[in-house]
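Got chain C sorted already, so can you dock chain V onto it with the hints?
Listed below are the residues making up each chain.
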Amino acid sequence: MNDLVAKGIHAWFGKRLVLEDVNLEFAHGTVTALIGPSGCGKSTFIRTLNRMHEFVPEARFAGQVLLGGNDVYAQGEDVTKVRLRIGMVFQKPNPFPSMTIRENVLAGPKLARIKVDDKTTLVEKSLHQAGLWNEVKDRLNEPALALSGGQQQRLCIARSLAVDPKVLLMDEPCSALDPASTLRVEETIDDIKHDVTVVIVTHNMQQAGRVSDYTAFFLAELGEPGRMVEYGETKQIFSNPRDNRTERYVTGQFG
Amino acid sequence: MSDAAVQPREITTSPRPSDRVFRGIVTAGGLTSLVVLALIAIFLYVKSHAVFTTFGWHFITDANWTPDDSVKMSTGHYGIGAMLVGTLITSVMAIIFAVPVAIGLALFLTHYAPHWMRAPLTLLVDLMAAIPSVVYGLWGFFVLMPMAINWSMLINHYLGFIPIFSVPVPIFDRSPFIASLVLAVMIVPIITAIAREVYAQAPRDHIEAAYALGSTKWAAMRAVVLPHGRAGVIGGTMLGLGRALGETVAVYMVLNLVYSVNFHVLQSAGGSVASMIVNKFGEATSFEVQGLMAAGLVLFLLTLLVNFAADLVVRLASKGA
Numbered sequence: 001m002n003d004l005v006a007k008g009i010h011a012w013f014g015k016r017l018v019l020e021d022v023n024l025e026f027a028h029g030t031v032t033a034l035i036g037p038s039g040c041g042k043s044t045f046i047r048t049l050n051r052m053h054e055f056v057p058e059a060r061f062a063g064q065v066l067l068g069g070n071d072v073y074a075q076g077e078d079v080t081k082v083r084l085r086i087g088m089v090f091q092k093p094n095p096f097p098s099m100t101i102r103e104n105v106l107a108g109p110k111l112a113r114i115k116v117d118d119k120t121t122l123v124e125k126s127l128h129q130a131g132l133w134n135e136v137k138d139r140l141n142e143p144a145l146a147l148s149g150g151q152q153q154r155l156c157i158a159r160s161l162a163v164d165p166k167v168l169l170m171d172e173p174c175s176a177l178d179p180a181s182t183l184r185v186e187e188t189i190d191d192i193k194h195d196v197t198v199v200i201v202t203h204n205m206q207q208a209g210r211v212s213d214y215t216a217f218f219l220a221e222l223g224e225p226g227r228m229v230e231y232g233e234t235k236q237i238f239s240n241p242r243d244n245r246t247e248r249y250v251t252g253q254f255g
Numbered sequence: 001m002s003d004a005a006v007q008p009r010e011i012t013t014s015p016r017p018s019d020r021v022f023r024g025i026v027t028a029g030g031l032t033s034l035v036v037l038a039l040i041a042i043f044l045y046v047k048s049h050a051v052f053t054t055f056g057w058h059f060i061t062d063a064n065w066t067p068d069d070s071v072k073m074s075t076g077h078y079g080i081g082a083m084l085v086g087t088l089i090t091s092v093m094a095i096i097f098a099v100p101v102a103i104g105l106a107l108f109l110t111h112y113a114p115h116w117m118r119a120p121l122t123l124l125v126d127l128m129a130a131i132p133s134v135v136y137g138l139w140g141f142f143v144l145m146p147m148a149i150n151w152s153m154l155i156n157h158y159l160g161f162i163p164i165f166s167v168p169v170p171i172f173d174r175s176p177f178i179a180s181l182v183l184a185v186m187i188v189p190i191i192t193a194i195a196r197e198v199y200a201q202a203p204r205d206h207i208e209a210a211y212a213l214g215s216t217k218w219a220a221m222r223a224v225v226l227p228h229g230r231a232g233v234i235g236g237t238m239l240g241l242g243r244a245l246g247e248t249v250a251v252y253m254v255l256n257l258v259y260s261v262n263f264h265v266l267q268s269a270g271g272s273v274a275s276m277i278v279n280k281f282g283e284a285t286s287f288e289v290q291g292l293m294a295a296g297l298v299l300f301l302l303t304l305l306v307n308f309a310a311d312l313v314v315r316l317a318s319k320g321a
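So the protein sequences, as listed, match chains C and V. The working numbering numbers the first residue of the first sequence as 1 and each following residue consecutively. The working numbering numbers the first residue of the second sequence as 1 and each following residue consecutively.
Bound conformation, chain V alone:
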């Protein structure tokens, strides 16, 4: 028989019953989360599709929210443009404040802090993530805001020539700036937890190689530890962004919701989709509730998008490294 006649054998394995049971359990677990996710999206869409058919893209682009439950949906007007822009502004600012702090904290916890201090300090930082957001809201309102108003005035005084730091109406409380500070404090533990994980895994032999070349500690961190952790930190940042986008109560307490787009971040006027839903839900008319559902769906899709983007970025970055 010639070699050409040889066919690959079919190899079969029959899993043991215990394997089959276990496989069933984990498969069910995995599918459940997908089903729940899909059901939430479907529920929101069913409850709100009238809004999208009535207003189309204007629901996202218009800043105007004027409920009217007299006859039909189109007699009122529902648009979350200002809230959406406000959400993005406060979240991105929160990231700008939180990421450097989280990176510094993670580096300290993994490479600088004395050994006896590392475990308790790590626990404390993790505990920050467990504080209810309403408590952050109270702290933000009563403790942070009185101080932050002064910082706002200072920034406005010296940097007011930059458009975003100018304040047409000089009221500084409950501004996007203050909301983003509260958000930053809330997302620092998330980003820190992930950054800490990746910094701790930075290979010892590469760090030693840097030291052996006469590098200072900081230079070794920059040459080895920071590049090693880059993908993880980006992923953690995106997770933090996801949390910031969806944060509701804390923002509601320290942000003045105004239904027109405002780029003056120091001024007492901002937007937040999640906070708006909480704000309006209690006394909403039936058409308005549909509008709020639609807003919820947009927010849901936005956070989903951010998480997908995070996943993609982490994959690309870790491939490059």
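Bound conformation, chain C alone:
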């Protein structure tokens, strides 16, 4: 009952339609990769799923996002509760600079005023899941900014996991990371995917192939809004795409 369903998603910035009629289902416990060239609306799409889209001034939206059957855009829906269930990891690592490593992991429960009985266990478990525990276990009280970029990103993943989300949205989480850190993030995705539905935006086709079960290909033709061109099992998208444009993109002929 924790499936995430996007129905007829449209998004505008001001009067400009940037995303048109996207329909996707994310079954619980699966990893879905969103691929496509820059400006195709995949980041905009992922930000509509946890209602981050509306922070952009002039941003508008149409459609439905159903989590366990409930529309997260429904009137009276508590948006902070929505974001607790649908977590997000951003492109640029963004740990809170004024907090220590430990405080960063605990930031979610603290900000959302959730009582944590055993903070030490939660910190250890979350950092374990993010593959960071061994590197930081002896310096949990150091400032988060003392970590390297790759470590900071894994800290952000640990921070997102600490509130026990049902869905984790990852918006190009590895684009600023070195290959070793990228590998660790991919291992993390493998570890958590049985409990958490993962939606990942990526520019890296090999990464999409390695981590995802399903892949959706987005494309914005010149002067047109972004649309979803093709969706299917990752194997099929990469080996035997139905759409000619998908084939040209995944074989590196454009984008």
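Simulated from the structure, these hints should not be mistaken for laboratory data.
Capping the alpha-carbon separation at 25 Å, the derived lysine to any residue pairs in SDA-like fashion look like this:
1. LYS81/C to LEU226/V
2. LYS217/V to ALA112/C
3. LYS217/V to PRO57/C
4. LYS217/V to TRP12/C
5. LYS110/C to THR216/V
6. LYS217/V to MET99/C
7. LYS235/C to LEU24/C
8. LYS92/C to ARG222/V
9. LYS217/V to VAL167/C
10. LYS110/C to ALA200/V
11. LYS217/V to ASN70/C
12. LYS15/C to MET117/V
13. LYS193/C to GLU208/V
14. LYS92/C to TRP218/V
15. LYS115/C to THR216/V
16. LYS217/V to ASP164/C
17. LYS110/C to ARG222/V
18. LYS110/C to LEU226/V
19. LYS217/V to ARG113/C
20. LYS81/C to HIS111/V
21. LYS217/V to ARG85/C
For each label pair, taking beta carbons as the anchor points, the in silico distance ranges come out as:
22. ILE11/V to GLY14/C: 51 to 61 Å
23. ARG60/C to VAL278/V: 52 to 62 Å
24. LEU17/C to ALA28/V: 53 to 63 Å
25. LEU17/C to SER33/V: 51 to 61 Å
26. GLU142/C to VAL36/V: 41 to 51 Å
27. ALA130/V to ARG60/C: 34 to 44 Å
28. ASP190/C to ASP19/V: 51 to 61 Å
29. LEU316/V to GLY69/C: 49 to 59 Å
30. HIS203/C to MET117/V: 36 to 46 Å
31. ALA41/V to VAL56/C: 45 to 55 Å
32. GLY104/V to GLY69/C: 36 to 46 Å
33. GLN236/C to LYS217/V: 36 to 46 Å
34. TRP151/V to SER175/C: 56 to 66 Å
The C-beta atom is built at its ideal place from N, Cα and C for all residues, glycine as well.
Quick look at chain V alone, frame taken from chain C:
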């Protein structure tokens, strides 16, 4: 040739004439302000050193101001203790009133107000800083004071058991409390301007990170925006304190200057070094003028100290962040 024999080359650059001219202009500009500052300090000291040699530390610690121009300086007595204490009391109270208002205002202007409202409202707040202080004085006297007297009575009635809120002589007008309210209104725009600047620079991605964790707007402000702006707000507060310490006319109009130290902030008796100088200058004797110069020098050094402290605090705080 072995590597050890290699010496670093001397690298020279010869700036173009236009660079040299520009460098000369900005250097001159920078030095001018230092020279002016030094000249003011020297002028004050030359005009007033007799006061310091005659009274020493008593000039600062004594509350007694009794001019006498008969024979020599020491026949009178000059001490600014009460004025100095009064200045500090009203200024610190003004900061206590102004800082929360300024923080709230800055947060509103940068993160809460609708977009169309931000620019005009910011302009209005900035304009508050441009109102002449004598106008604040008039407003304080005729508008604020009649109301503030009632607030004073209320505070005194319910909190009078706390020593500073007790009033030995029940006169409530022209008190340090009222003066500090006027000062607070005057320094709110300064603190707001700086707080607004630093709050606006709070990184978007950190704010989004907070939201993405299910935080409310206020929690995001507390987790990201307020810590980000802390150093700037402290610096702005110190600037406001500097302005409050030196404020003259507005305080003069709403404060009853009394030459004995008074900690009863609701009572009609207070002190202000700057206002005292204005008050006495017109009919001062030659020795008394020297005393006023000395008072000016003390005030000058005090504000200088506060500004240095502000700079230091900002550096330390931004290093910690």
